[in-house]
Each structure stands twice: as C-alpha cells, then as structure tokens.
Amino acid sequence: MKRHDVVLIGGGHNGLVAACYLQRAGLDVLVLEKNAWVGGAATSRDTGTGVTFSNCSYVCSLFRPEIMRDLELPRHGLQVIAYEGGVVFTEDGDYLAAYRDHDAHRREIARFSPRDAEAYETYARDVTRQCRFIQPLLMRTAPDPVSLKPRDIGELLWLARRFGNFTAEEMAATARFWTMSIADFLDEYFETEVLKAYLAISGIIGTALGPMSPGTAYVLLHHYMGEVDGSVGAWGYARGGMGAVTQALASSFRASGGTIRTDAAVEKVLTRGGRATGVVLDSGEEVAARRVVSNADVKRTFLKLVEPADLPEPFLHRVRQFKMRGSSGKLNIALDGMPEFPALPEGCRCTMGDMHFSDSIERLERGYDDWKAGRWSADPFLDMMIPTQLDPTMAPPGQHFMSCFVQYCPPKVEGRDWTDADRDAFAETVVSQIADYSPGFRDRIIGMEVRTPRELEAEVGLTEGNIFQGELTFDQLLFNRPVPGYAQYRSPIPGLYICGSSTHPGGGVMGAPGRNAAREILRDMRLSPKEMRPAHDVL
Amino acid sequence: MTSCDAIVIGGGHNGLTTATVLAKSGRKVMLFEAAEALCASMQTVEIAPGYRTSALSHLVNRLAPEVIRATGLDTACLNRTPAPTVTLGAGEPVVLRGGYGETLDGVSAEEALAFAAFRQKLMAQAAILGRFLTRRPPLPGEITRKDLLPLTTTGLALLRGGRGAARELMRMLLTNVADAADEHLCDDRLRGLMAFDATLGSHMGPRSPGSLLGLYYRLTGSANGIPGAQIVPLGGMGALATAFTAAAERAGVTLRPGTPVARIEAVQGRATGVTLADGTLVQAPVVVSAVHPATTFLQLVDRAEIGTGLTRAFRRHRSRGNVAKLHLALSRVPGFTGVAEADHAGRIVLARSTDHVETAFNPAKYAEFSPDPAMEVVLPSLGQPEMAAEGCTLSALVQFAPYALRGGWAAGKAKLLETILARLEAHAPGLRETIVFADLLPPPEIEARFALPGGHWHHGEMTADQLLFNRPVHAAAGYRTPLDGLWLASAGSHPGGGISGLPGLNAAREILEARP
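Residue numbers (numbering that gives the first Met the number 0), protein chains in the order written: chain E, 0 to 538; chain Y, 0 to 515.
Worth flagging that the hints you see were computed from the coordinates, not collected in a lab.
It is possible that part of the hints are untrue.
What the hints assert, rightly or not - Pairs of lysine to aspartate or glutamate residues, derived as DMTMM-like cross-links and limited to a Cα-Cα distance of at most 25 Å, are as follows:
1. E/K298 to Y/E182
2. E/K411 to Y/E340
3. E/K322 to Y/E304
4. Y/K145 to E/E169
5. E/K411 to Y/E182
6. Y/K414 to E/E361
Using the sequences and the accompanying hints, generate a full structural model.
What follows is the structure, given as structure tokens:
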C-alpha cells in the first residue's frame, strides 16, 4: 500500500492552502474530500436553477495576499472584483448608502449628520490603528504564554516589543477596544442610529453575540483587515463565485503534483503506538500516511474521527466545551431580473454592495435575544448582495444571483432539531422582509436554496453550522484557540494536526490557519518553508 | 482663607479611609462632604416610625483587612456569624453556608461535589487576581520596579498551580459566567445564583462575555477573614459608617459634613485647593477627590485645566446603574416558602436559573425594566429588635432596572414596585398584607439621594474595558490625574466598588509615596 507523506482530511480553503504549501515543500500530499466537489464553505455551484450560487461564503477580502502570491492563485484563475458601496434601508422609507469614494461617502453621512461625517474620519483612523496591530498576528503561530520553550518566549517578546511601540494611551485604547461592545464603541463616535446599525454588522456577523455584547468590537477587525488588490478594507466578489478561490487553490495544488480525491469521506483517523498513521474511509479503504492533517473543525476531528481512547480526557473535555454555536443561515436566490428598490434614486450604485434592512442597533440586539431563546429572528438582519451586477459569469443575461446571509438563526429550534417546515418558515420570514422593501420581489424568484445550521452542518461539515468553526470570543482566541496548550496546530496525538478555522486566527476565507499549520508541520519535519514568503504589513 | 496639608472631597467610606490614613501619617487633613451625613449610602435610616434599615448597601462582604488595619477601624458591628445565602428556584431552596458555600444544603451529593470543585477553582483563581487589588494597577508604559514584584509573584503563583491551572485561568478570565457555570454545574439554582452575583450592579447579562469577572471580584472579598463570606452588620450598615467616621476623628481629620465643594482650584496644571459653596477658599498642596470621577472632572475642575481629551473620555465613561433598591417595613417577619426560620437571617436570592437572569437583563438593554426581575433580599432587622421593634424591615436589590427608563420613572416606578411585590408574594405568601411602608429607589433616585451619578454604586461599570489602567479612564488611572496634586480615591478608581475601602487606601499610599 502506498504511504503518503501527508493525508489531508477535507478540501476547504484552509485545507487546500495547507496542502499547497506542503506539496510545494516537496511532500507527497493527498487531499480527501467527502463531497463530490472541493471547497468546503467556499464553493460555487448551480443547484439546478441555471444560476451559479456562492453557496456559503459570499464575499472575498480577508484572503491573505501573501498566500495568493505564493500559490500563484491569479494564474490559476482567481480574480477578485472589488465592489462598491452598500446601503441600509430604513423603516421610514429613507436609506443610508455607503460608497467607496471617500467624498461621496462623507456627503452621504453628512446628509444625516455633519458631525458624524467628521467623526467617521477619526473612526476610520482608530480602527485602522487596531488592524495594524492585529494584522501581523494573523500569520504567526500564537505563542503559549505558560510555555518555557525559547520559541514561545521569543515570540512573546516580539509581541511585547510590538505592543511596546504603542504609546501608553494607545495601549490603553487597545485594551478597551478588545473588550468593549461594538455598540458602545460606535456610540463614542456617532449619533446617527442607522449609521451605527450599518457599521455594527461587522462586529456580529457569524458570531453568536449581539452588538451590545462585550468583545464584539474585536470581531469588527476580522471584517476590516481585508483588502482587494492592495486596497485595504475593500471587499470584493470572486469572479465566478467563492468557489473560484478554492478552484484556484485546487488547480495550484494539482499543478505542483498533489492529488485530490473527492467522494472520499474519512471515517476514522488510524493510530498505532499513539501516533497517527493514516485514515480509513467510509468505504473501508485504508490510506496510510506519515502525517494526518484535519481541516474539519475541532469537534468533528477529535470527537468523531479519532477514537476517544487515543486522547487524554482533559483534552476531550475542553473540545466538548469548545463553543461552536451556529448563529446564521443563508438564502441563495436566483432572480429573473434585478429587483427594484423604490427607496433608492435611479441608478444608485449602492446596490452593488451589501444591502441591509436593520436600521438600529436595538433591532440587531433584539434579533440576538431571539437566538438566545432558541428561535430564528422574526426581524432578522440580512447581509444581502447581488454579485451578478458586477460578475456576469454567474447567471444568464438578465438573471441574477442574490446572496442573503441571515442572522440570527439558532443551531436548534427551541431545543429540537430543524425540520423542513421550520426551514421553509425561516425562508418565508426572510423573503417577506425583502419584499417589504422591494415590491414584486416574490415574482422574480426562479429558484432558491435555503440553508440553516442544519444544512451547513450536513453539507460542509460545520458543527452546529458555526461558520467560523468556533466562536470568536476572548476565551477562544489566540493561545486559547481551540484548546489551551494545543493552539499551535498540533494535537495530543503525534502526527495529527488541525488546520481549519477552529485554530488561530479563526474564521473567514482568510487562509491564515492553513498556512500557519503548514509551517508548523514543516517545522516538525525539519523542512524549510521556502515557498512561503514572509508575511508583510499592508497597513 | 484656610490651609491644610490635604483636602479630601467626599465623605464616603473611601474618602474617610484616605483622610484617615493621611492624617495618621501626620498630615493636617480636612474632609468636605456635601451631605449632612458622612457615608450617606451606608447609613442606617428610619424608613417608617420604628423601622430602621440600611440605606443602600446592606451586606459587608469585601471590607479589606488592610483597610481595617490602616485606619484602626472598630469592627465590633461585624462580630456575627457569616450569613448564609439562600437561593430560591422553582422548588426547594439551596442554602450556601460559610464562605460562599463551604457547605451546601438542598442539592444532590453529586452536585455538591461538583460545586465544591468549581468553588475551589474559582477561589484559587480569585486569590491570584486579588493580588492586584491592594495596590496601584500596573500602568502600561509606566511599569516600575515596584510593579514588577507583584507581576512576577503573580506569574509564579499562576505557575505554582501547574501549567494546566494557569491555562485554565487565562481561558476563563474573560469568559461569561453562564458558560462557566454550565461547564461545571447542573443545578439551575446554583447556576442562577452565580449568574446573579456575577452581574449584580452591572449592565451585563450572564451571557455577556467577561461577566465572570464580576464573580471573581465578589470572591476576592472576605468577611471576618473568611473568603467569600458576608455579614449583615449589627445595627445595620450605619454602625460601620460610624466606625469609619470615628476612625477619621481619632486620626485627627477635620470633618466638615454639610459643606459642598464648589470647585477645585488649579493654577497652571496644579491643584492648589478648593473653593467651598459658601465662597471660602481652602488651600492645600494635595486635593483628593473621593466623589464620582465624572463629577470631579465635569463639574469641579475647570475644563480649561484638563483639556478636551479628558472631558471626552469622561463623557463616554459608562456609569449608569441597573439596580433598584427596595425598602419595606413589614408588620411581621415574612416566611419564605421552604426556607428554615434561622436562614431568613441570610441573603435570599430570587434567581431561578441563568436564563432567568439573562432574560431579566434583556429589557434593560432597551431602557425597559424586567417583568420578572431577579433580586437579593435581606431582612436586616432580624435578631435586632432595635432596628424594628415590631415586625421587620426588608431590604432588596432588584435587577435589572435601567437608569433612563423608556417613558420615565415617574410612571414606571409604581409598575416596577407592583412587579417586585408580586414576585415577593409568590415566594413569601402573605407578605403583601403586612406591608406598613414601601419605598422603591430606581437608579435616578439612588443618584439623587446618594450623589451617585447614574445611580451606579460602583462609580462606573466594572467591565473589562473600565478596569485596571482604564479605571476610571486611562488618563486618570492609578489615582493620579493630569492635574498635578489632584488625586482620585473613589470606587471609580481601581480596584472598584463595594464596601472595601481599597481605592481609598491605595490612593493614600500613592499620595504618601509621591510626597514623603
């Protein structure tokens, strides 16, 4: 039986990033994917409507540019189209638009409050400063603060020095920023409720917290650190849908000699003498490897794929307690024409970006209260996009793909599993909210894919449908992610690694966990990561 | 014009502590308090003829031994057995005895073991964190050799427990109390109690990240040397107020109650004294403000002296209370269902579960009060006939009740009172018919009665972003202020609120060190 150097479980974007780097370092890597396609939560598929959907993740910005260059993704077909703007529709029939153009954006905010237009400059500067601090941490392994290894101590000193470059005031501001709620943070700058509601969404997307929960200001950074073509903070659509990211990764991986097997679901990780030796597929086939890397989330990896007897009980306990509560759902809608939004002036470019209907922090927070009670929100917030305005490759002429990210949506409905009827009722809530602002919307729908945490878990394998493979709260970040003492991509089983978003620095189509994991694996194999160029500060 | 070595503004227990410690070091100290009484929020007041109770705080659970020593405080009123905590859920109560449940009544043997393990873990962690309470917080950019010693010993204490314990503390530190309790316990009544204690007095629900800090803070306290214990003082909190006042008098502090300070005088970035409301100028090289920090900087100091940055920082300083205080005079001692007669002398907590406390918090986010509030009830007159010759007084802290109620408190107060009484009646049938007098203080009334801006008895939210070097705000952390010679010593400074006296003591020590 052939023995691979590395077998990688799960062909999501982080798994493919790790696979590419390992393959390029001269290893023989096999990627096993349970679905018939690779991509995990970054896929584009036509589910029978004639329109291609970005089925799960839907926008691109966080993906690290170093990785794009290292792995030559543009050459393998990845193209990111920066989009412009966004809009929040207000209940009174007005709207607040956002534009890429600085002056236009300022003018639009000034329409509500000249003071807020001024404050926006300060706000942008302060957030950028926080990003500048956090960004270099993304591409580094989180040091273990209680370890006495020279490497951990060196890394801690590096961090301390970096933090030491701040003035005392900046340090204090950073400590506040990391621990406060996005609602309080925005209150310090702005007076316009709808503007706060627009900005607050970045603090709660994908998170099982409300905008008034402490710690959500930090989540904001996760959505501000991105860039498109060097334009910091910009967001874009991957041409052809988010599957283009993983297709390019797969193509790059194959070009360097790697093998991908789809429809190959891993049943168990094999161990011998306490070491990972390979995997067994659900067909019973065994695949031998010197090292096993799992792109599945921490719960799936250690509670389903590994024999409990192979793991120490305290570790298992921590994995069981790891918080992975899903908070979102998604509707992918095929439309036979561009929906109309009468509130907007003719030809407003703000529909090219993210569209929301939640015009106050209170409405967002009340949605979270629904989630806590185990219900999907009757007044959900939507992050709605129509990428086909900029990317004509996804739909036939005249038709459109609309992506509706929906929050809050609990992993279980009042304690019981989701049913098809629940799913349909959930979809109806969302569609009726859109129809309130877009007359005739229902008649334009030619197809729809509805995903609750149940569907996300079944298809992508995200436990409880958590899109970040684990909540981004302080107790689950940095050296605590996913398990204190095991935050460096290794596991208690020698030869078994994890590389998904359950690890530092967490979720989003970023690729950083995959790259960091590859670096640690290469270190253990005493190989140099020569194809890995140093991370750079963009800001 | 008068002059002295140090002026203390505000005669709360922290102001008295600072004044006493400074006076004991030989300085001539004058203390000005606007109200007629010192320690207004700790008075024992007569709410109805023959009925006496504690005005705001009603338990002693964190008075620091260092403060007792440094001020020579007479603690005779605390010579009592620690009071138990009774937590009432849907069924039978759970009773925690000794220091925060050293022994438990009313839970399964299995749950008692789980609680003992969790309690021990929290106590050990709180003991490590508690090292930071009795001194100036480490200030970033100004870590001195003095800071390194406690930082190092804390690090060693962390590691002494083993790497696993150190990691566990770093993971749990900023987690929420709901998840922490769920991980360790199964009994809803115990989880509800911890959720209540962790969030009492703050604008947080048990699911808010960082809410476990509130419980740690609570467990850093001790009473009569027992960590986590609580005492209902003999004679009400007023007896302790008297003790603080007597200690200051003994030390030679000139106490001037009923003397409001109009402004803090400053020349070229240096505080030089105060002007009283009657126009008298009092000069001193040291001015200590032991009133709410926002009052200090937004009302007493000339804005031109401190600059817009600090003014802005105080405008966004979060200090809005979420608790209402209830006083009842009852014609006889109420009987809470299932609670043994002797346990009525303890603290009775009505918090059914974590979800109950969280659901009670939800409306507070939208400036509404909860239709099903959680509360802590104390019967301070039990066993003390001088507090209520006939019948009984009841003192309760009710959360959550927001400072700025939608629709206003004028209309809301009666509704909240009705809600609370209905809850009490459900647990103590017949209580309503024995009510002689009832008084509910929502946060704005706490604000007015005790000069506590926002009605927040911690002088500012005790959330992670307003602690340590960010308490009250970064520029005024560590008791010093941007105005030379002006110091802060209220609960708004590190380590925070509660009847501990530590902000006052730490401030006095910093002042003495700066001017030997």
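Status of each hint after checking the structure:
1. E/K298 to Y/E182: holds (16 Å)
2. E/K411 to Y/E340: violated (44 Å)
3. E/K322 to Y/E304: violated (49 Å)
4. Y/K145 to E/E169: Given that 25 Å is the threshold and the Cα spacing comes to 23 Å, the pair holds.
5. E/K411 to Y/E182: Roughly 19 Å between the alpha carbons, so the hint for E/K411 and Y/E182 holds.
6. Y/K414 to E/E361: Holds, at about 23 Å.
Violated hints, listed in ascending order, are 2, 3; each of the other numbered hints is respected by the structure.
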